[in-house]
Amino acid sequence: MEAFSSLLEQLYYTSGTKAKAQLIANYIANTPDPDRGWAIAAMAGTLRFDFFKRNTVKNLITEHTDPELFAMSYDYVGEVSETVAHLWPYSEPTDSLPSLTEVVETFSSVSKNKVSETLANYLTIMTPAQRWALLKLGTRGLRIGVSARSIKQILADYGNKDVKEIETLWHAVTPPYTEMLAWLEGDADKPDIENAVTFHPVMLSHPIEDSDIDAFEDNTWQIENKYDGIRVQLAVKSERSATKKTANKNASQSSDEDTPDRALFSRTGDDISHSFPDLLDTVDGNMVLDGELLVIHNLEGGANNATSSQPDVDTFNALQQRLNKKKPSKALQASLPVGLIVYDALVLDGKDLTEKTLKERRHALNKWFQHNKSERLFLSETLSATSPESLRELHAHVCQNRAVEGLMLKRLESKYIPGRPKGQWFKWKRDPLVVDAVMMYAQRGHGKRSSFYSDYTFGAWEDNQLLPIGKAYSGFTDEELKKLDNWVRRNAVGRFGPVREVKKELVLEVAFDAVHPSSRHKSGVALRFPRIHRIRWDKPADEADTLANVKALIES
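If you read the sequence shown in the working numbering, its first letter stands for residue 464, the second for the next number, and so on.
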């Protein structure tokens, strides 16, 4: 734990990417298993459990210190872990701290009613820097300027491998990564993932520019709807045959659970299978499909061929009610059934297609859909445009459908390359909705923004009253943040812990993707992906939009 704490402290105060990478590489080279593997997992965000919740930490510190002192300190520092690390009142440092592995194993096995006591004991024997490391580790809140992608590149460089090899292995191996690290050091064979149902890194697009539209040529691009769902990857290694059914009857229940043959992953590789059993139960084969997860209402008898009727897609608001449900009820699955619009195939009938062109992959998908019936899989519709002018007309037309975000343009000769290769795929999203709202509250940010009031709650008028309609913390420059922070400090009229109430005088032009009815909010609305589009220093607050204006943007 001491070495891990020292690493985090160095990373926190180191700004250069290469310097951070060297620190991590040195740690990996000089730290034994399994500590180094748990550290990799912590930095890459692949620890799949919290040691303790943020509320546990807050409750613990207020039990052992004056709650008002903690509140004032937290308000000044702006970050819970750092506040508690310095404010913890007991100190009995030891030269023999438990290893990182011991800490992980302790918290993964301790009973819930012993978590606070265990945490308190650890905090007491640690220095402030070590406490901070423990608290950030335990709440999975590390923000040290190192992404999962960076960790993979560091591992590839460490083992003199291509980063694509690490990407392929990443979601098939689990912390503390002892087999993978042994392979990287030349002490073992590459981990065998042939039979694993695993995530494959996805190919991403660039926002389209006017120059790309002007250069559009027919017969060069595949054009599709950009649906407003969530991008997912469906991985399946399952064949329903009489032989397999018999084998399954003889296999133990635990064996089946330990070796899943179907999985649904988010675009970042998170396994979200548990939330969508209704989709996974209907698919079989040996394939990895790239597509959009949506609530679809005409599922019965679905896409048994490439020319079948297109799906009846509901809005993102409907899908949102299915997200993050660990065990969705049968009633929820029935009222909001999900399906997959398939955009692409990385593997089909066991064959890797990533080195094939999009044109070839699409041909293979067409053929697969002609011979396979799957009630919840729909092949994406391809659209047509012959010139830049007709492409613009097509974009305007598809954006009339609120289930569609815009268009995707994909080069027909593109291979499936993980990451964001230049000039291969473009996304052309609809123009955002915009309203003028009034800032009501401001809260300090986290990490590098912990000294600034950077999170803003804003409202719209109903009669002479402002009702909150959303919160935003992006869309402005660093220079604008400084001006906003200064305005908040000069115009604060109330305080609620780390939150400041401000004079209802500053108008923010807020952009967002959609607005939905919401019974959870007093205003009755919820905005999707709100961000600050412009700061209207010039506009009087009484000229901001009304709640009626906002509700008028709701589409059925």
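A portion of the hints provided could be inaccurate.
Straight line, CA to CA, 27 Å or less: simulated BS3-like cross-link-like pairs of lysine-lysine [unchecked claim]: (1) Lys885 / Lys934; (2) Lys822 / Lys892; (3) Lys878 / Lys890; (4) Lys911 / Lys878; (5) Lys516 / Lys911; (6) Lys793 / Lys822; (7) Lys892 / Lys624; (8) Lys945 / Lys892.
So the derived label-pair ranges between C-beta atoms look like this [to be verified]: (9) Pro895 / Thr683: 26 to 32 Å; (10) Lys814 / Lys946: 54 to 60 Å; (11) Thr480 / Tyr539: 28 to 34 Å.
If you are wondering where the hints come from, they were derived from the structure by calculation, not from laboratory data.
Positions of the beta carbon are idealized from the N, C-alpha and C atoms, including for glycine.
Ascending list of hint numbers which this structure does not respect
1, 4, 6, 7 and 8
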